[in-house]
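Chemist: Chains as they are written, first to last, in our numbering: chain A, 1054 to 1254; chain B, 26 to 222.
It should be emphasised that the hints constitute simulated quantities derived from the structure, not laboratory data.
Be a bit skeptical, because a hint or two may be false.
Some chain A residues near chain B, calculated using beta-carbon distances under 8 Å [as the list claims (entries may be wrong)]: (1) L1088; (2) L1153; (3) P1231; (4) G1233; (5) L1235; (6) I1236; (7) A1243.
Ideal placement from N, C-alpha and C gives every residue a C-beta, glycine not left out.
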Amino acid sequence: MKDLFKGLLRENPIFVLVLGLCPSLAVSTTVNNALGMSAAAFLVLLGSNVVISLLRKHIPDDIHIPAYIVIIATFVTIIDMAMQAYLPALSESLGIFIPLIVVNCIILGRAEAFASKNTVGASVLDAVAMGLGFAVGLISIALVREVLGAGSITIIPDKLVFTIGGLHDSPAVVFAFPAGALIVVGFLQAFYRWLGEVTKK
Amino acid sequence: MTYVGIILTYTLVSNLVLAQFLGLCPFIGVSKNTESAVGMGFAVTFVMSLAALITWALQRFILVPLHIEFLQTVTFILIIASLVQLVEMVVRKYSPPLYQALGIYLPLITTNCGVLGIALISVNSGYGPMESFLAGLSAGIGFLLALLLMSAIRERLDTEKVPKYLRGAPIAFISGGLMALAFMAFDKALLANIIGG
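Can you make the complete structure from the sequences, with help from the hints?
Modeler: Below is the structure:
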């Protein structure tokens, strides 16, 4: 149980390990995008962790990085095509950041640091923990950015959208731009450090 | 788009790091001092220009004729990984001093999402060979520029009194954000003015 929650705070991939930043910043303009990205990254992480831990005794050491990349790229392609078929609107708004999951350091990092040394069961648990941590990080960035930058919280576009009076009419647009994203991440990271220290005591 | 337009777009207007969020990991990781920032920047520029050109050829002559465009992600990342390996071997053989300088950064480039990013952007925008090469080259120069500016900021930050929880990466992100704010001055309207829209 403790392992399951390690990704939330102590080993949060985004804020503590500082991994997988590019997609986190780019797609965190709305909560809906953040949810979609977390789900896609989680499925890829789960798939690659399982396959890599199954094959861990058969992949020669010299070529393990290319082998891992091919396995990860295969899952990314599957998710990419599935999303284009079933969730075209989401796929459109995430754009090239779906294929870019291949180079998301979280996934290769977990393959290298965990799945290549542990059993399938432990790797599944690790994927769930890291996926959860990534989702929490991404969604908290998106929440701050969407609330301040657009004055709304979009869970499902056009169907489930909360608007925040006052902010919605005159939002701080800068938070929707790249500049705002970097600033939000900086402050959230500091917040997580503080939180980590407080909960340890 | 004209060649000048492409160069200006990818170095300034859609700067890889500051406007498109690509290659952020090395942007934070390798910007602690100017020397390594320059090394990393040149290595990335080199790989990006070649990768953009080679992936263009791969798309045009292999993937499209065989109707296997869905293998784009898998084949592009393999091309980039082998390209990085090749560059590493060539540099080690022919220019040991350069290898000494760039050596440790080369393997990191494979997981720089900017390289795969610019290859995908070039292909999706339907660029020709020269345009793809230029897009790769100028995106690399834009990356170098951002990394160099960031490293200068961070060297100064080292001597400043930064609040405890903001030290290191968080303050780097916030400074990066302020820099991105400045880069927003380079927008499409400015580009249209320069190249005559």
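Chemist: For each hint, tell me whether it holds in the structure or not.
Modeler: Hints, one by one, checked against the model:
At about 18 Å, the closest approach between the beta carbon of A/L1088 and any beta carbon in chain B exceeds 8 Å, and the interface hint on this residue is violated. The beta carbon of A/L1153 comes within 5 Å of a beta carbon in chain B, closer than 8 Å, and the hint placing it at the interface holds. A hinted interface residue such as A/P1231 counts as satisfied when its beta carbon comes closer than 8 Å to some beta carbon of chain B; here the least separation is about 5 Å, so the hint holds. The beta carbon of A/G1233 comes within 7 Å of a beta carbon in chain B, closer than 8 Å, and the hint placing it at the interface holds.
About 3 Å separates the beta-carbon of A/L1235 from the nearest beta-carbon of chain B, less than 8 Å, and the hint is met. For A/I1236, the suggested interface contact is upheld, since its CB lies about 4 Å from the closest CB of chain B, less than 8 Å. The restraint placing A/A1243 at the interface with chain B holds, with a minimum CB-CB distance near 4 Å, inside the 8 Å limit.
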